[in-house]
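Chemist: Here's the letter readout for the chains.
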Amino acid sequence: MNLHVSSRDIGERTLDIVSGMKSLEGPLLPILHEIQAEFGYVPQECLPIIARELNLSRAEVHGVVTFYHDYRDHPTGRHVLKLCRAEACQSMGGDQLAERVKSLLGIDFHQTTLDGAVTLEPVYCLGLCSAAPAAMLDGEVHGRLDADAVKDLVAEVRA
Amino acid sequence: MRACEEVQGTFALTIEGRGFDSRVSAGMHENFLESECVSCGACVQACPITTLTEKSVIEIGQPEHSVVTTCAYCGVGCSFKAEMRGEELVRMVPWKDGQANRGHSCVKGRFAYGYSTHKERILNPMIREKISDPWREVSWEEALAHTAAEFRRLQYQYGRDAVGGITSSRCTNEETYLVQKLVRAGFGNNNVDTCARVCHSPTGYGLGATFGTSAGTQNFDSVEHTDVVIIIGANPTDGHPVFASRLKKRLRQGAKLIVVDPRRIDMVSSPHIKASHHLPLRPGTNVAVVTSLAHVIVTEGLYDEKFIRERCDWSEFEDWAAFVAEPHHSPEEVEKLSGVPAEEIRGAARLFATGGNGSIYYGLGVTEHSQGSTTVMAIANLAMATGNIGRPGVGVNPLRGQNNVQGSCDMGSFPHELPGYRHVSDDATRDIFEKLWGVTISNEPGLRIPNMLDAAVDGSFKGIYIQGEDILQSDPDTKHVSAGLAAMECVVVQDLFLNETANYAHVFLPGSTFLEKDGTFTNAERRINRVRKVMTPRNGYADWEVTQNLAKAMGLDWNYTHPSQIMDEIAATTPSFAMVSYDYLEKMGSVQWPCNEKAPLGSPIMHVNGFVRGKGKFIRTEYVATDEKTGPRFPLLLTTGRILSQYNVGAQTRRTDNVVWHEEDRLEIHPNDAEMRGVHDGSWVKLMSRSGDTTLRALITERVAPGVVYTTFHHPTTQANVITTDFSDWATNCPEYKVTAVQVSPSNGPSQWQVDYDEQARQSRRITGKMEAAE
Amino acid sequence: MVTLTIDGNEITVPEGTSIMRASMEAGIEVPKLCATDMMDSFGSCRLCLVEIQGRAGMPASCTTPVAPGMNVSTQTQRLKDVRRGVMELYISDHPLDCLTCAANGDCELQDMAGAVGLRDVRYGYDGSNHVKARDNGGINLNWAPKDESNPYFTFDPAKMHRLFAVCAGL
Amino acid sequence: MTVRIFVPKDAAALALGAERVAKALSSEVEARGIDATIVRNGSRGLHWLEPMIEVETAQGRIAYGPVKASDVASLLDAGLATGRDHALCLGKTEELPFLKSQTRLTFARCGIVDPLSLADYRAHEGLKGLERAVTLAPADIVAHVTESGLRGRGGAGFPTGIKWKTVLDTPGARKYIVCNADEGDSGTFADRMIMEGDPFVLIEGMAIAGIATGATKGFVYIRSEYPHAIATMTQAVEIAHKAGVVGTSVLGSAHAFDIEIRTGAGAYVCGEETALLNSLEGKRGIVRAKPPLPAHKGLFDCPTVINNVISLASVPIIMDKGPVYYKDFGMGRSRGTIPIQIAGNARHRGLYEAAFGLTLGQIVDDIGGGTASGRPVKAVQVGGPLGAYFPRALFDTAFDYEAFAAKDGLIGHAGIVVFDDTADMLKQARFAMEFCAIESCGKCTPCRIGSTRGVEVADKIAQGIEPEKNRELLADLCNTMKFGSLCALGGFTPYPVTSAMNHFPDDFRPVPLVEAAE
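So the sequence lines, in the order shown, correspond to chains A, B, C and D.
The numbers in our numbering rise by one with no breaks, and the one at position 114 of the first sequence is 114.
The numbers in our numbering rise by one with no breaks, and the one at position 606 of the second sequence is 606.
The numbers in our numbering rise by one with no breaks, and the one at position 81 of the third sequence is 81.
The numbers in our numbering rise by one with no breaks, and the one at position 403 of the fourth sequence is 403.
Just so you know, the hints here were simulated from the structure itself, not pulled from any lab data.
Check the hints yourself; a few may be wrong.
Said to hold, decoys possible - Examples of chain D residues lying across from chain C (beta carbon under 8 Å, computed):
hint, residue
1, ILE38
2, VAL39
3, LYS128
4, GLU456
Stated by the list, open to error - Here are the simulated DSBU-like cross-link-like pairs (lysine-lysine), alpha carbons at most 30 Å apart as the crow flies:
hint, chain 1, residue 1, chain 2, residue 2
5, D, LYS407, B, LYS249
6, B, LYS96, D, LYS297
7, D, LYS290, B, LYS96
8, D, LYS68, C, LYS80
9, B, LYS256, A, LYS22
Even glycine gets a Cβ: it sits at the ideal position worked out from N, Cα and C.
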């Protein structure tokens, strides 16, 4: 993930990605995923390029990007910690755990620590309901979390 | 927003976010003006005054009565409900029962009516001795008496043929009819012409020669049944936006599209629209490219033999087929002169010939060439060869520019034709009118506009009555037009504003707007739509009344009390209008001519069981390159066109808020050509041709191919027609606006010519006792 | 042709006709906000709901085609309750400026509020909304100012419901 | 002979440290020179025992768990490789009561085979259903599925055979099979387990669906929260393609069928079938009005079968063993087996496949073993965030679509979340509304505005503001949402809310805090 790319590069990379994927059936979501994988977020300047190449309006692409919670319009911290907030995790003390993580990091959901180390995001079910409470750190899953376990996770991302 | 998608086809609105946070958004969270919104009003329509509100409703209040009428902008002829509060127009609402627009509208018809109350509108008649004098306001009586006296004097002094008239394709059928009647019955000659001369005269000639009628073959509904569309030399999203929306809807349903145009217009690629083939030909090579399409169809055996044998003359077809099959018409040869890749030509030809119902829509990019009539015939050949005539979804369809250009042609506005396209040399036709009017009509064709101007420069043509036309701005080779006008002794301009032509006028008769009169317009699909008076003429008279009063002043005994009586006279004298009357239109909503005993319900589709002329005629279309050629001095080709928000010479739209979208004409130039010349985006450039030069600002874009530049002609300060040449169509004199060899160079600002012109215009617009009327 | 019964009236309409259209033919007005003749129906406003004997739930009459022998009710108490409930939700996020609104007297939202008999918004007006710039002392992120950029019309996101109902299908 | 040791790669096992166990095992085995291969299998579904490793012995597979990386050395010391006893030894896997009492049809291979070994799949009866299908006429396949009584396992319970028949009978230049793997309901993970543990069964099921309906293209739409499932499915499709299981000629037959894996982008509502289709098309994931049904006009307006993972994964065994075999399981109109997912505060958490008909009490108390916390069970939410909260009083309800509907509940995707007596049901009701507000697509007003108002009203009740009036308002709102909403998200959100209100009324009468006089 390269967070320091110029506008021009974003344009060229976007065009590469779109050109490579536009022949898919219904290519918009795969393209946006690829763009987010490339830049860490979906830069605004990609949208008109995608729109033009896919024969869509800018408005449509904007509508799609803002509909899906996965697509971010700005970069995240170096780590992304997703805490499950759904019922199965609630039944195992997920809410208290979330409060603890928030206070350990000093941020609320959808925020990034000032040092840019970690972004905290809620997630509604990771399919780990039999290992609740669960979390995902940078794509790696963690289950049966307790106060100690989250302390370790926080220490890991803070390192 | 769905209206934007389904009706307009622009997709400028979306919902952003989701759930409770979701919100309607224009573009990418932009404001409406910066978004892709084309201001067609469909969303405002779908959402009557809760979220989207016309500012006029906020200012004036809710309307309390309404009148259904017809838009006076382009040839689509949209029906609108003019919603009124007293004498004040609150808003124009597209009428869902309108048979041309089916409830849709564009930014011009929907919103750009403010010119009718613009402060620059002239409401009192004015005269002056010399064009260097300031104007003097006079009474209607004085103005008309003066005009009549001048015309009689000129005819006495210089001969019967020294005066003439120009009818307006902006005015109603009835008004047009009266002007040609005034010329023929009052002036006693056939010196009448119309702006169709400069736009679609080749359509009349070409379709008349091949099919037997001088008009498009389909109604707009036909597009809903088409499978393959060729658009050639037209830019419907800008020029005919409501039709474009209907076409785009069909394309989204799966119909295929072929675009033949030097520019990459929006139809080539825009949201949910992608042309299967774009043939970006060099301006001036239409005939070669269309003939080459025919070459592929003939040599690959893709023609419709059954149709041709039934409906056309087989031996004429064979002759034509042999002609188009000649090797020099092959795509590979044509590629060399048109620049269109041979494979694109082949692909397009195969698609058109084999893709189901094929229709062709074309515009001024076809007609305004030295071979305009030839291209029209080549298009007609193509339609006949593929059997695409005489049913819904097919046909040859000129997209006509002005609201009533079809009607003005129908009404006998040409020097050689009486109403209904009947030649003045035809004794039987003349007899009908001579008996009714009690005069003798000359059997010699009169002068066309360019001939009138030539004659004026030569000293034999001295007076002209121009209703609702700005020939100085709209006709080619401005310097020649101004020289002709300046040489006349009595130029009478009847218009809403002191237009550019009025700078050379001696009499100014204030005109009325379409909101102020009754009448009919005939749109591009031959549909006769009612225009209904929604307010009293601010200038005192509807245009037909002005013409009648002038006729009376000249001693003619005219006593129409309502335009319906004029239509009755048209119906009585013109077979294709035989059944048309205001009562009948009231009953039917509208009808498409021919509307007579044979076709009492009108004729949505022409040539259904056979061509009007009998057998469809295949005509050889040899490509002859225009004399306008690029060379070292003028290496680029200039072509011209329109933009959505402005209309024609801009007299109306420039006097509305539409200027926010298009404040000035810009020169579109390809990045390569710009770089070579040191031209930057937005910088001033000088545009030169053999005819003249002007300056304007550059817009660097890949919409134009290298070697081609493009501009609009909406603003008089640019005067693009200073650049265009006096070459014209071999058959009809339609000027060759679309091809001019030019050079482009960086510039500091307006040229001396523009500075001088501005000063002259300012001088000539002075009105005694008033502050300068010029803007 | 399909024959069905709507509110006890037998009516015959072409196959593929929507229940809403068929009701209109029968002279029965079903409340609605989002359906217009200009566009395909898509069932977002949830006012044109009807009940069909033998079918669960309340389908939208604009998107449900007629079927032979269908017995449709457009005015049961259950329907009235739901319509009023939906309208109450609409109005709970709508400005209370009818008297000074340019649409006063020509407002479908107003008409429908009347048609469904809405008299009271029990949610109050203190909750989340798109109407007020500031909320509970803080900035209301859901609010957006009126867009007057277009020379001919204004766009007021605070009054978006009708528009939303019409275009929420995006 | 090489010993096979199984360490699950299922996400639940990974979340509990399976990766570290596998690494430790691998290095220890190498260091000790033991002739063993480590197979990364799926999970057997005994998640409270994960990571549960197994070793293959002559007597069958022996299980150990839950294993930590630090246990590896002592396990090997004790003779893990030969299935010797250890404190963590659970005995023969097949004899574990939780497994033994199950009827594993759909999950027959899950946790047993190497998920990405096609040979292993074949060795365990895999591809027999597809092999049979290619010999049959499409209408016969559809008839089999119809006769089996299989109903959509996604929640709505619509008969799968009827859906397929509609697509078969609808003409279309192109048809699609769309697998709904947007398993967003809390408490459910059966789809994920199949995709991670036995991906070929889903591929096989989709290929059969393709042949049965004339569809040539399949999409698996997997939610982005399931990266492991996405990875496994992607590899499995590649393997299947290379082996000719799918592609231009399915198992060498005249049928073509291709599969593409697609990733969601964080929208629960895309689990609703029409929203999912919009999402696949690259649009906003909003719900479409029905009709038209997806079977008539689905993906890109073409006839489309859209089925849940478990529905499709159940098809191969129906084709292999015949409809009657499958139909013989179950009760009433609910035929076959259902993978019940026991989650939340339960002692025995995991996946339990059984014929329809167990009572809720049996599932929670006997199979699930009560709560993990050891406290009394207060409520169980069945069917995900849109499912009702059932009190103990309703534990005699049989696990069957109709029986649950009769008690104002729904089976949904058969997820069960257990809550102990510390649960605050007003808070849970509020969460149901909050979840709806977060995930609403926004198309219809009852859901879009109603959910937000629901949160506000619940808050007022919690704060003791006009409690009587607000309870009534909440009930009215639920009625409006239930009947007024366009799809199940808004329409079923009232289920958890009203059930909480009805069964746990005391929680909706909070004792107002005595405010300090000002």
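Chemist: Hint by hint, say whether it matches the structure.
Modeler: Hints and how they fare:
| no. | hint | verdict |
| --- | --- | --- |
| 1 | ILE38 | violated, 51 Å |
| 2 | VAL39 | violated, 48 Å |
| 3 | LYS128 | violated, 39 Å |
| 4 | GLU456 | holds, 4 Å |
| 5 | D:LYS407 x B:LYS249 | violated, 49 Å |
| 6 | B:LYS96 x D:LYS297 | holds, 29 Å |
| 7 | D:LYS290 x B:LYS96 | holds, 27 Å |
| 8 | D:LYS68 x C:LYS80 | violated, 61 Å |
| 9 | B:LYS256 x A:LYS22 | holds, 20 Å |
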